[in-house]
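K.L.:
Protein chains in written order, with our numbering: chain W, 1 to 303; chain B, 304 to 607; chain Z, 608 to 940.
Since the hints were derived computationally from the structure, they do not count as laboratory data. Owing to the predicted nature of the structure, the values given are computational and were not obtained by experimental measurement. All the pointers check out, no bait thrown in.
List time: in silico PhoX-like cross-link candidates among lysine-lysine, alpha-carbon distance up to 25 Å:
no., chain 1, residue 1, chain 2, residue 2
1, Z, 691, Z, 614
2, B, 332, Z, 626
3, B, 339, Z, 626
4, B, 340, Z, 669
5, Z, 614, Z, 936
6, Z, 734, Z, 699
7, B, 342, Z, 626
8, Z, 669, W, 113
9, W, 215, W, 113
10, Z, 669, Z, 890
11, W, 161, W, 90
12, B, 340, W, 113
13, W, 74, W, 257
14, W, 113, Z, 691
15, Z, 641, Z, 917
16, W, 113, B, 342
17, Z, 931, Z, 853
18, Z, 917, Z, 931
19, Z, 699, Z, 641
20, W, 113, Z, 626
21, Z, 626, B, 340
22, Z, 669, B, 342
23, W, 74, W, 259
24, Z, 669, Z, 626
25, W, 259, W, 75
26, W, 75, W, 90
27, Z, 691, Z, 734
28, Z, 917, Z, 853
29, Z, 890, Z, 626
30, W, 75, W, 257
31, Z, 691, Z, 669
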Amino acid sequence: MIPIVVGVSFLIFTILNLIPGDPASNILGIGAVQADIDALNEELGYNLPFLQRYFNYMYNAVVHFDLGVSYSTKKPVFDEILGRLPVSLKVAFNAILFSLVFGIPLGVLSAVKQNSLVDRLSTGIALLLASQPGFLIGMILMLIFSLRLRWFPATGAATWKSYVMPMIALGLPYGGRQLRFTRSSMLETIRQDYVRTARAKGANEHIAIWRHAMKNALMPVITVAGTSFGILIGGAIATETLFGLPGLGSFIVAGIKQKDIPVVTGGIIIFALIFSFVILAVDLSYAFIDPRIKAKYAGGGKR
Amino acid sequence: MSTKYDDSPLMNLTEKKVEVNFKKESQIKEVWRRLKKDKLAMFGLSVIVLMIVIALCAPLIRPYSAAIKMNMRLKLALPSAAHWFGCDGYGRDLFTRCLYGSRVSLTIGFATAFATLVIGSMLGALVGYVGGVLDDVVMRALDIFSAIPSTLFAMAVVAAMGSGIFNICVAISLTNIPGFVRIVRSAVLGIADQEYIEAARAGGSPTLHILLRHVLPNAIGPLIVQTTANVSSMILSAATLSFLGLGIDPPQPEWGALVSEAQEFLRRSPHLLIFPGILICVASFSMSVLGDGLRDALDPRLKS
Amino acid sequence: MTQELLKITDLSVEYRTDKETVHAVNHINFSLNKGETIGLVGETGAGKTTTALSIMRLLPEKTGFIPNGSIVFEGRSIYDLEEKELHNIRGKHVAMIFQDPMTSLNPIMTVGEQIAEALELHNTDHKSHEQIQARVDEVLSMVGISPSRKNAFPHQFSGGMKQRVVIAMALVCEPDLLIADEPTTALDVTIQAQVINMIRELRDRLGTAMIMITHDLGIVAQTCDNVAVMYAGRIIEAGTAADIYKGEFRHPYTVGLFSSIPNLREKTARLTPIPGLMPDPTKLPAGCSFAPRCPHATELCRTTPPAAYKNNTHVIECHLLEGKDGWTKEARV
Chain W
1 MIPIVVGVSF
11 LIFTILNLIP
21 GDPASNILGI
31 GAVQADIDAL
41 NEELGYNLPF
51 LQRYFNYMYN
61 AVVHFDLGVS
71 YSTKKPVFDE
81 ILGRLPVSLK
91 VAFNAILFSL
101 VFGIPLGVLS
111 AVKQNSLVDR
121 LSTGIALLLA
131 SQPGFLIGMI
141 LMLIFSLRLR
151 WFPATGAATW
161 KSYVMPMIAL
171 GLPYGGRQLR
181 FTRSSMLETI
191 RQDYVRTARA
201 KGANEHIAIW
211 RHAMKNALMP
221 VITVAGTSFG
231 ILIGGAIATE
241 TLFGLPGLGS
251 FIVAGIKQKD
261 IPVVTGGIII
271 FALIFSFVIL
281 AVDLSYAFID
291 PRIKAKYAGG
301 GKR
Chain B
304 MSTKYDDSPL
314 MNLTEKKVEV
324 NFKKESQIKE
334 VWRRLKKDKL
344 AMFGLSVIVL
354 MIVIALCAPL
364 IRPYSAAIKM
374 NMRLKLALPS
384 AAHWFGCDGY
394 GRDLFTRCLY
404 GSRVSLTIGF
414 ATAFATLVIG
424 SMLGALVGYV
434 GGVLDDVVMR
444 ALDIFSAIPS
454 TLFAMAVVAA
464 MGSGIFNICV
474 AISLTNIPGF
484 VRIVRSAVLG
494 IADQEYIEAA
504 RAGGSPTLHI
514 LLRHVLPNAI
524 GPLIVQTTAN
534 VSSMILSAAT
544 LSFLGLGIDP
554 PQPEWGALVS
564 EAQEFLRRSP
574 HLLIFPGILI
584 CVASFSMSVL
594 GDGLRDALDP
604 RLKS
Chain Z
608 MTQELLKITD
618 LSVEYRTDKE
628 TVHAVNHINF
638 SLNKGETIGL
648 VGETGAGKTT
658 TALSIMRLLP
668 EKTGFIPNGS
678 IVFEGRSIYD
688 LEEKELHNIR
698 GKHVAMIFQD
708 PMTSLNPIMT
718 VGEQIAEALE
728 LHNTDHKSHE
738 QIQARVDEVL
748 SMVGISPSRK
758 NAFPHQFSGG
768 MKQRVVIAMA
778 LVCEPDLLIA
788 DEPTTALDVT
798 IQAQVINMIR
808 ELRDRLGTAM
818 IMITHDLGIV
828 AQTCDNVAVM
838 YAGRIIEAGT
848 AADIYKGEFR
858 HPYTVGLFSS
868 IPNLREKTAR
878 LTPIPGLMPD
888 PTKLPAGCSF
898 APRCPHATEL
908 CRTTPPAAYK
918 NNTHVIECHL
928 LEGKDGWTKE
938 ARV
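Using the sequences plus the hints, can you model the full thing?
P.N.:
Listed below in C-alpha cells is the structure:
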C-alpha cells in the first residue's frame with residue numbers, strides 16, 4: 001500500500017504543480033510589491049527544483065503533519081482538513097450503511113424469488129437508481145422534503161436532520177448497485193453444487209439458503225462494496241456541495257475555484273489515503289471471512 | 304471451418320450435424336438477435352439513438368443563439384407554447400439550453416469513451432505483448448491511477464488545466480483508461496502462450512495481424528460492455544464536474560450545469576430542475592439498460 | 608416384511624423450457640431390494656443422473672417435470688410426501704453422492720461441521736453435542752480420514768479425500784439406500800480403485816442398498832448385483848450381473864459398450880467405438896431409439912419401437928429377440 005500512496009501523492013503533486021502562478025502572488029494578493037513576492041517565494045522554497053519541493057512537502061506532511069498553509073484562509077491546511085473530515089466521514093458512513101441496509105436484503109429477496117413481481121420491481125428500481133448521479137437525487141429530495149414539505153433543512157450541518165437527505169441521496173444509487181450485485185451473487189451461489197448437497201442431506205430451503213448460500217454469496221458483495229467506495233467519494237463531494245455541508249469535499253472544490261494549491265493538494269491526498277485504507281481493510285476482512293484466503297496467509301495452503 | 308463426425312454408413316438423420324462456424328458475421332447477427340429479445344435494452348437503445356439524432360439536428364430545430372440570449376422579462380417563465388420548457392433565471396429558453404446541453408453532454412460521453420477505448424486498447428495490447436519491465440511499470444502506474452477516486456482525479460486535472468470542454472474530456476478520460484488497458488492486456492496475456500500464436504508467428508504473421516485476428520475477438524465482448532458503461536459514467540462525471548462549477552464554461556449549456564443553475568431558484572421554479580433532470584435520468588438509465596442488455600447478449604451464460 | 612426398498616414404475620421425466628422439451632427419462636421401470644446394488648449404466652445424456660435426482664425429488668423446480676410414473680420408497684410414494692417428510696427421508700433413509708467432489712462441499716464450512724450437519728438435521732433421538740462429534744469422528748475413521756482433520760476446510764483436501772468426506776457425510780445416518788452418481792469419474796484412476804473399494808466395504812458392513820451410476824463397466828462388475836442399461840432415457844436392457852456379462856444374448860448397444868473397452872489380452876489395430884451419437888432428446892426417433900446406430904437395424908426397427916423380451920431375470924428391448932427360445936414378449940410400456 002505504501003508505494004501506492006507515495007505514487008498517488010507524487011502524481012497529485014505533479015499535476016497540481018502545473019497550475020500557473022506562484023504561491024507568493026496568491027498569498028499576498030493583487031497589488032503586492034514584486035520584491036515582497038520574490039522574497040516570499042524564496043522563503044516558501046518556490047525556486048527550488050521540483051523534486052526537492054516534492055520531498056520537502058512529503059517530509060513535512062509525514063513527519064510534521066504539515067501540509068502547508070491555505071492561500072485563502074491563511075491557516076494550516078492540515079488543521080482545516082481535520083476540522084472538516086468528520087463531516088465528510090459522517091456523510092460517507094451514513095450513506096454506506098443506508099445502502100447496505102437497503103440493498104442487501106432486497107438483493108437476497110430478489111434472488112430467492114427470482115422473476116417474481118418483487119424481483120422485477122426491485123431490479124428495475126435498482127437499475128434506475130444506480131444509474132443516477134447523487135446530486136440529481138439530492139436535488140429532487142431537497143425540492144420535495146425541504147422546500148415543499150419542510151421536513152429537513154436544505155443546507156448547513158446544524159442538526160442530525162441535516163444529514164438525512166445527504167445520506168439518502170448518496171446512498172440510493174450506491175444501494176441500487178449493491179442490490180444488483182447481491183442479487184447476482186446470490187443467484188450464482190444458489191446454483192452451486194454444495195447447495196444441492198445440503199438439500200440432499202435433508203436441509204429445508206431455509207437452511208440451504210441461509211446457511212449455505214448466503215454466507216458464500218455475501219463475500220464478494222463486501223469486496224465490491226469496498227471498492228465502490230471510490231465512486232461514493234466522488235458522489236460525496238457533489239452531495240456536500242449541494243447540501244452546503246462543511247466537509248472536505250466542498251472544501252476542495254472551493255480550493256480549486258480559488259486556485260488554493262495547498263488545500264487542493266492536501267485534500268486530494270488525504271481523500272486518496274482514506275480510499276486506500278478502505279480497500280486495504282476490505283482485503284484484510286476478506287482474509288478473516290474466507291477460510292481459503294486465511295489459509296494462504298497462515299501458510300496452510302492447498303494440498 | 305466445419306467438423307463432421309464419423310463417416311460410417313450407419314450414420315443417419317437423427318444426430319445433429321454440428322457445424323462450427325467462426326465467421327464474425329453470423330456471430331454479430333447472433334448477438335443482435337439476442338439483444339433484440341431484451342425489450343428493456345431495446346428501449347434503452349432507441350432512446351439513446353433518438354437523443355443522438357435530436358442532438359445532431361439541434362441547429363435545425365433551434366439556433367444556438369436562443370440558448371444564450373438573455374431576456375430578463377422572461378425570467379423564470381413557466382413552460383408555454385413559445386417556451387416549451389420555460390425560461391431560466393436569465394430569461395434564456397430552457398428547451399434550447401437543454402437541446403444544446405445534450406449536444407455537449409452526449410459529445411463528451413461518446414467522444415471520451417471512444418478515445419479511451421482506442422488509447423487504452425492500444426496501450427493494453429502493447430503492454431501485454433511486450434511484457435517485461437514495461438508491463439510492470441505500466442501496471443504499477445495503473446494501480447496508482449486506480450487508487451484515486453475518479454471524480455477527485457478529474458477535479459485535480461481541471462484544477463491544473465482550467466475548465467472547458469476539452470479539458471474535461473481529458474480529465475475524465477485519464478481516469479477510465481486503466482480499465483481498458485487491463486481488459487486488452489489480459490486478453491493478450493490469455494492467448495499469448497497459446498500454440499496457435501506461435502504457429503502464426505512462425506508462419507510469418509506480423510504482430511499487428513496477430514493482434515487483430517486473435518486477440519481482438521477475445522477482448523471485444525468485455526470492451527463493448529466497458530465502453531457502454533463508460534459512456535454512461537462519463538456523461539455523469541462531466542455532469543458532476545459541471546455541477547460543481549468545475550466543468551464547462553458558462554454560458555455554454557450542459558446538463559450538469561443546468562441542474563446546478565436550478566438550485567438557486569429551486570423552490571419557486573422547479574421546472575429548471577425537472578427538465579434537465581429528466582434528461583439526465585433517462586439518458587443514464589437507457590445507457591445502463593443497454594449496457595446490461597449487451598452484456599447478456601454477448602455472453603448468455605452470464606445471465607441468470 | 609417386504610424386501611422391496613425402491614420401486615420405480617413407468618417413470619418419465621421431462622425438462623421443459625420456453626423453447627423445447629427434453630425427454631430425459633422415458634417410461635422406465637426398476638426395483639431394488641434391501642441390501643442390493645444395481646448398476647445404472649449408460650453414456651452421458653442417457654438419463655441416469657435425472658433418474659437419480661428424481662428419486663430424491665431434487666429435480667430443478669422450474670424446469671423438471673414428471674408427466675407420468677411413480678417412485679415408491681419403503682412403501683411410500685416420494686412425490687406424495689409432505690415437505691417435512693421429504694426432508695426427513697433425504698439424508699436419513701436415502702443419501703446421494705454426486706460426481707464432482709470439488710464443488711459438492713461448502714468451501715467455508717469445515718468438513719466436521721458439514722458431516723455433523725447431516726446428523727443434526729435428523730437428530731430425532733436428541734444426541735448431545737459430544738455424541739454427535741463422536742459419531743463424526745467414527746465415520747471419518749471409517750472412510751480412512753484421521754478425525755483430527757475434522758476442523759479442516761474442503762480446499763485443504765485432495766480430490767480423493769474430498770470424495771471420502773462426501774461419502775462419510777452420506778453414510779453417517781446409515782441410510783437404507785445410497786445413490787452414487789459417478790462417484791469416481793472426477794478422480795484419478797489410482798484413487799478410483801481406492802474409493803470404489805471403500806464404498807463396497809461400507810456397503811457390505813452397513814447393509815446399504817445402492818444405485819451405482821456409472822459409464823464404467825469395470826466398476827459395475829466389481830460392485831453390482833443387478834444391472835440396468837440406459838439409452839436415450841429408456842432402460843433397454845436389465846438383469847443380473849451374470850445375465851449382462853455372461854448371458855447369451857445382449858442388446859446391440861450393450862454389445863457396443865463392451866466392445867468399446869480396450870481388451871488387454873487381444874491385439875487389435877483399432878478400437879471399435881459405437882458410431883454416431885445418442886439421439887437428440889428433444890426429437891426422439893420414431894422407432895427404436897438405437898436404430899440409427901445399430902449394425903443390425905431393420906426396417907421394422909426404424910418404424911416400430913420394440914417390445915420388452917424377457918428371459919427369467921434378463922429383459923431386453925430389441926426386435927432381434929423376436930421368436931428366440933426362452934424369450935417371452937411383453938408389452939412395451
